[in-house]
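Line by line, the protein sequences are chains A and B. Read in order, the letters of the first sequence correspond to residues 1 to 293 in our numbering. Read in order, the letters of the second sequence correspond to residues 1 to 215 in our numbering.
It should be emphasised that the hints constitute simulated quantities derived from the structure, not laboratory data. None of these values were measured; they are calculated from a predicted model. Any given hint might turn out to be false.
A partial selection of chain B residues facing chain A, derived with a Cβ cut-off under 8 Å [claimed, not checked]:
(1) Pro43
(2) Val44
(3) Asn60
(4) Phe69
(5) Leu135
(6) Lys155
(7) Thr158
(8) Gly162
(9) Gly169
(10) Arg172
(11) Ala190
(12) Val194
With a Cα cut of at most 20 Å, we get these calculated PhoX-like pairs of lysine-lysine [as the list claims (entries may be wrong)]:
(13) A:Lys182 - A:Lys54
(14) A:Lys54 - A:Lys43
(15) B:Lys76 - A:Lys54
(16) A:Lys229 - B:Lys76
(17) A:Lys43 - B:Lys210
Where is the CB? At the ideal position from N, CA and C, for every residue including glycine.
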Amino acid sequence: MECGTVTSVLYDVPGPKSRARNRVIGVITIIMVVAILGYIVVKFWETGQFSAQKWSFFSFPLVEQGIIQATGRTLHAFALGAVLSLILGLILALGRLSDHAWLRIPCTAFIEFFRAVPLLIVMMIMYYGLPPMGLTFVTPLVAVVTGLTLYNGSVLAEVFRAGVRSLPRGQSESAYAIGLRKYQVMSMILLPQATRAMLPVIISQLVVILKDTALGFIVTYQELLYLAKLYGSNLQYGSPIIPVTIVVGGIYIGLCLVLSGIANLIERRLKRRGNPTRVVPADIPWVPARSSL
Amino acid sequence: MGTLLGNLDIFATGFTNTVILFVFSAVFALILGTLVGAMRVAPVGAIRATGAVYVNLVRNTPLTLLMFFFAFGYPKLGLPNVDYTTLAIIALSIYTATYVAEVIRAGVNTVPVGQAEAARAIGLPFGQTMSLVILPQAFRAVIPPMMSVFIALLKNTTIAAGFSVAEAGTIRANLSERGEPALVVLLWVAFFFVLLVGLLSLLQRYFEKKWSVAR
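Next comes chain B alone, as it looks inside the complex (with noise of 0.2 Å):
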């Protein structure tokens, strides 16, 4: 108790870029996945390749490889300065929406067919059929899963300890500069982690029966 408490400021500085690099990876991610899931239901065949070129190979790369291009190659490129923080945010970003976009094709791919098919027999176009009938129930199949990325990201911040970003992953090396014994820094470190991925999935628990629908 004495090492979290004597050293109260190491720990908050450490999570609150954590949980700065979480929340901007995951909106990023968002946006980027959102875009490459609807590449790959897109009608041309080269939008649909593209996505799928983009999310396999993506998903077949170590995020710590990506990080690693990112902080060591980025810099040798001659572009714009770039702080740490900024890199580990698009390597994560880059990395997630790949998993991102899976979540939300499978959510499209659960509602059954007869929805798509009878939005269409009235009439709808494409935007009505998406945007009034399949992505409000997709919605509700995506949220549980997307919810699991979420964590996975959360958990994945850590890396960017390996790369000059100083979050939580952090906390031992500064610490280890005071003295205090690495093992009692890192089981709390743990403690931490393991208390905000139970809140992520109290929350996923509770959208899941918000949202949950009978078929």
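So that you can see chain A by itself, here it is in the shape it has in the complex (with noise of 0.2 Å):
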């Protein structure tokens, strides 16, 4: 339990009784768990989820090989969409932070669009609208990559804002009192002390930039869930889609959770040496990425 936070001191130590009762209602609480989840398991077990029909089907070198070519091709996505939106969001964080106003203006409007229209929407302006259009070398994963790009480029522009107007003020008056020029205040003094700040809130968003390729099953592009939806519906292995789920969520979510661990490790030392701006993501919640689902 966190020490200094409200929830510390809601309650008072348990003494003897109320440990005890907390013995019980602990022991109740792992019943009511290990019920939902058995009862879970033994539906998969009464439909046949786990029968060696439907896992037989992964003893093929030619599924493994897929299963690890969609793999690849979900992170593909998540790679070309990472770099992208982490140059895109310095981009318009730095046009939004201009003093010029044509530049703070359309670098506006371009975020504040961008994070308004769900990104599924956005691919499919990529992969449905575009080609009609005369545009033919949107392919799913180009779809996939601008979509992620767009969306998360923006919100990333507002995380790096964020950070640079996290900096104390004193920050940039004494680069430019030393005599620095403007863009070397920017990418001398207070882009490295934003990034390094926000770091945690960036990873995490990298975090749902991987989670969102899986939205490109609904464009088409061949990831994970595209094959589970192909593999799932080989009717001669019984449909497996269960198991197929089963095994392209474990790896999804694996992922995700090393990614998410390294975020977790890097703002625990960052708290740990001490961060000179003192900025936690929860002094701006509703701005950048762990409130963007």
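Using the supplied hints, reconstruct the complex from the two chains, each of which is provided in its own coordinate frame.
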């Protein structure tokens, strides 16, 4: 339990009586959780989801290869989306922080627009809307990556901006005072500190990008879920959609957990070293990443 | 403009279903999320752990995967037959509840420790400390981020389009049968989402102003 927060002083340190009571409640909770999980497993069992017929499907090298390739395609879209979003986010943030209205206003409008439109609709505009207009280069991958970049770039722009604005004023003032130019102040003084302060938020936004690659399924990008649908309807093996979903879901969740774990690690390390700007994501709760599902 | 006015019926049903998905999921997510948020600050370790595992697991699951499971996996389990809209609402609620839980937990933690200590010092029990002192103050801090969660939920309802729910995301598929240009249709859909999200952000700003406290 965290110290110094409200939740740590809400109730007394339990005495012997309430400790016993808590133990009983704990056991009841465990029994309930086990019961719910058990019910699901029994349902799976009853409907033959664990039958050898359905799981033997995975023993084929071709199937395994397919899963590895689909994971590769998911990661491919993620890697492209992540790099491009970071670049776009940086450019948009600089634009929005600019002193020139002709730069600031279009960037602000761009950010607000793409934060408001559902990512899936952006992908659909790319995939269904553009090819009939003669832009035939739009493959599902292009649609997915552009969608991810436009949306997450806009969100990351707000994260960078929040990071820059959270820095003490003295930072830019003293940078100007020693004679640095505007772009030097930004690139040498403000951005490095802002990036460091916002690193946990930036990485949790990367988790969002990884999660959102799954949307590619709906615009026929052949990633993990697409493959799951394809394999799951294989009648010869009794349409093993649930076993396939379990495997594919495991891969997705595993990948995301690894990324989240890295984010937590960095956050903890930054906290331990002492963050000069005192930016905790809780200070800017509703602009950036953690709230943008 | 012709694309919109000539097909108002499909636009109307699409966005009505989106709003239905949104409202039901929001209510269930709020209930489930509050419950999970409370579990995460409970004095019993097992309850806290259950809440933590649920939040961390579901937050690292793509919503599309959840919907995929409910749309394609659930019907194979021999459980009572449920239509796709309900399944989408279940998936959206389970997913959004984790974010609601985190917002509530963060909100409770924004209340200065002294408030809880003072409440305890004058002898209020846990229930009264929460309901009379902590929650009314946490509520104000919770509203703006909670609205952001709901905005995200509104946008996430489009994912149900991939799983046979006739909401705003499927307007394009319906209208391509009528020979409407996909780009124009989708830009109209995007426009209405900007409007709806704008409305929610206005509400957010209004509440923020109305309930802001000087600390």
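Hint check:
no.: 1; hint: Pro43; in the structure: holds (6 Å)
no.: 2; hint: Val44; in the structure: holds (5 Å)
no.: 3; hint: Asn60; in the structure: holds (4 Å)
no.: 4; hint: Phe69; in the structure: holds (5 Å)
no.: 5; hint: Leu135; in the structure: violated (11 Å)
no.: 6; hint: Lys155; in the structure: holds (4 Å)
no.: 7; hint: Thr158; in the structure: holds (4 Å)
no.: 8; hint: Gly162; in the structure: holds (4 Å)
no.: 9; hint: Gly169; in the structure: holds (6 Å)
no.: 10; hint: Arg172; in the structure: holds (6 Å)
no.: 11; hint: Ala190; in the structure: holds (5 Å)
no.: 12; hint: Val194; in the structure: holds (5 Å)
no.: 13; hint: A:Lys182 - A:Lys54; in the structure: violated (63 Å)
no.: 14; hint: A:Lys54 - A:Lys43; in the structure: holds (15 Å)
no.: 15; hint: B:Lys76 - A:Lys54; in the structure: holds (13 Å)
no.: 16; hint: A:Lys229 - B:Lys76; in the structure: holds (14 Å)
no.: 17; hint: A:Lys43 - B:Lys210; in the structure: violated (49 Å)
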